[in-house]
Amino acid sequence: MSEATSLLASGHRACAGCGAAIAVRQVLEAAGPNTICVNATGCLEVTTTPYPQTAWRVPWIHVAFENAAAVASGIEAAYKALRAKGTIPKDKKPNVIAFAGDGGTFDIGLQALSGMLERGHDVLYVCYDNEAYMNTGIQRSSSTPFGAATTTSPAGKVIPGEMRKKKPIALIAAAHDIPYVATASIAFPADLKRKVKKALEVEGPSFLHILAPCPTGWRFGTEKTVEVARLAVETGVFVLYEITNEDPLKPIVTKKIKDRKPVEEYLKLQGRFRHLFKPVKRQDIIDKIQEEVDRKCKLFGVDED
Amino acid sequence: MMRIVKGNEAAAIAAKLAKPDVVAAYPITPSTDFPEKIAEYVANGELPHTQFIPVESEHSAMSACIGASAAGARACTATSSQGLELMHEMLFIASGMRLPIVLYNANRALSAPINIWCDHQDSISARDTGWIQFYGENNQEALDLMLMSFRIAEDPRVLLPAMTCIDAFICTHTFEPVDIPSQEEVDAFLPPYKPTHVKLDPDEPMTLGPFGVPEYYQEMRYAQHLAMKNAEKVIDEVFVDFERRFGRKYSKVSPYMIEDAEIILITLGSVSGTTKEFIDKMRKGGKKIGMVKLTVLRPFPSKELIPLIKNARVVATLERNISLGYGGAIYADLAGILINEEKRPLLIDFILGLGGRDITFNDLEEIVKACEKLIEGERIERPVWIGVKKELV
Ligand SMILES: Cc1ncc(C[n+]2csc(CCOP(=O)(O)OP(=O)(O)O)c2C)c(N)n1
Ligand code: SF4
Ligand SMILES: [Mg+2]
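Those protein sequences? They're chains G and Y, same order as listed. Under the numbering used here, the first residue of the first sequence is numbered 1, with each subsequent residue one higher. Under the numbering used here, the first residue of the second sequence is numbered 1001, with each subsequent residue one higher.
Check each hint, because a few of them may be wrong.
Said to hold, decoys possible - In silico DMTMM-like links for lysine to aspartate or glutamate, alpha-carbon gap of 20 Å or less:
(1) G/K80 - Y/D1203
(2) Y/K1276 - Y/E1259
(3) G/K80 - Y/D1201
(4) G/K80 - Y/E1040
(5) Y/K1369 - Y/E1262
Said to hold, decoys possible - Computed beta-carbon distance windows for the label pairs:
(6) Y/P1113 - G/D91: 53 to 59 Å
(7) Y/D1201 - G/Q53: 16 to 22 Å
(8) G/K261 - Y/A1043: 26 to 32 Å
(9) Y/D1241 - G/K93: 50 to 56 Å
(10) G/M163 - Y/V1213: 34 to 40 Å
(11) G/F146 - Y/Y1217: 49 to 55 Å
Simulated from the structure, these hints should not be mistaken for laboratory data. Note that the coordinates shown come from a computational prediction; the quantities given were computed from them, not determined experimentally. Ideal Cβ positions, reconstructed from N, Cα and C, are used throughout, including at glycine.
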């Protein structure tokens, strides 16, 4: 889709190289214009709608931080009711897509998300995951990975950054036994778009977890967003998979990795992990991250032999 | 058709007659009958197109109503106390986005300590959220005010959400005869909701709930203020039309025996009935006491109230709420509108009936005695707490 017709217009105020903006564009390219978007409070919402301007060429609503899933439930129900009543044509059935950051999904919005998934609303929920509360200035969330420095998990003299591991949000969504769950990366747009289409095709709720690197919060050059996103997959830090309710306990890896790269390659590109390399190298922490990635890759069956 | 129903059912019947598109609600004592009734209507095919969303919290109930209303649906919900507090954040957003959502609130005390019985602290604490607020005295008023609130909220001159508040248990769980209008009558009174100001529709993409920068935010708040002002007029129009169609008269403020009254008691909700009986008794003893019941608290009926009360010697507010560290909420509203009047009464607030404590004739007598002392020139420290068992404190 060309710049002129992109459903998320250029000129929004997101930082150069913002992974979240790229993710949304890719999702909308797959979804098309017959789509209603709900957006939780966060970077995406703030940067795309400074009144009276808007970057959205599809209907869009922002209500608050923690309730994108509940708002989407209401929209989906409204369309159902209006169709049943005959106020609108029987075939008028726009996609309803909720976008929320990791904070709005893993943390404060988890209850509303669980409710929406459990009730079976025909909604695609997309979490654009930049692994911290970026809008309020890079605070940790339950998505922030082990070892990363944020303003509320700083790299101190005693504690070297975030000491908890990332919450497995897609698996939590899948545990609701919903029709479709997937993870995706902006570095693999064809895979991402295929997953969006699949998610929209199924009846009922679907959940898409997209890793959306943030040059500002992760501290890397604005031209490196896609490179960082790709490395996350190639090192096995972020596994691309999908889960259908044929077997909600069995993720199917959609991007197997041959000769998986060491996590260090991924870590060293980002300022949020700088304290693991300087002033003294924290090999112990790096090893711990590698071990955890190895364990996960084994569980998922990421490695291609 | 007359039926004997609980207050909760009266409100649910009103909602049913309004044929809502979406009802999203969460159970809480004492309003739980409402979602149960709606679920039952839907399950029995009596509301064939309505989507009932059994949400996982009141916060999500209001959030889903916001989404539904923004998509062009008539949306309503019900709650009480902790539930209203949990949706507090969303109440501001519903009004700020100008979504005419209708809410039924069973007035119940707030925790802590947890208490399921009547007082007005919940909705009083929500009075600055930009919602129109009605207070009903009995089950008939619950039904009528709910019905009217749809029409008032959805009026293009208003477009603000509205809540109807009814006293916990005293009304919600008490059976009373209620005149239930027919569907045809209601259809003629309440046209379908056809929003033109907001609509989430891919044929006409709109951005709703954007980031409101300082250059625009205040104007948006001002527009809400104007909408509240418009509501003053629309409420009167709808009250008149309602009376014409259904024969029951409503007004924002209802005076009782005030012509020569030296002491006027200001009431909200079910205590109005008790107070009227009390006044009848006192009048027999020669005491010049009157009452004004407030049916509408927001927009505050300043214009209507001032002429009714300014000639009294003392105006006393009966407050089932307390703004701790200050006093009664209605006292504050009244003081504000009277202060610039040349002739104005003395004003005093009485805190009573909290957490389901009954309000008795003895309590009201104590209030009258305090008012008489004020008239005699005695100074009284306010707010005055009625019926506190000091030995328990
Ligand atoms: C109830 C509530 N708490 C806190 C905030 C402040 N707040 C706004 S956005 C945000 C963080 C958003 O983080 P995330 O969801 O990860 O989105 P991002 O900004 O990273 O894109 C916070 C804490 C809020 N708006 N509402
Ligand atoms: S801080 Fe990060 S997520 Fe937010 S706009 Fe900038 S790049 Fe995007
Ligand atoms: Mg984030």
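Results of checking the hints against the structure:
| no. | hint | verdict |
| --- | --- | --- |
| 1 | G/K80 - Y/D1203 | 17 Å, holds |
| 2 | Y/K1276 - Y/E1259 | 15 Å, holds |
| 3 | G/K80 - Y/D1201 | 13 Å, holds |
| 4 | G/K80 - Y/E1040 | 19 Å, holds |
| 5 | Y/K1369 - Y/E1262 | 13 Å, holds |
| 6 | Y/P1113 - G/D91: 53 to 59 Å | 54 Å, holds |
| 7 | Y/D1201 - G/Q53: 16 to 22 Å | 20 Å, holds |
| 8 | G/K261 - Y/A1043: 26 to 32 Å | 57 Å, violated |
| 9 | Y/D1241 - G/K93: 50 to 56 Å | 37 Å, violated |
| 10 | G/M163 - Y/V1213: 34 to 40 Å | 38 Å, holds |
| 11 | G/F146 - Y/Y1217: 49 to 55 Å | 40 Å, violated |
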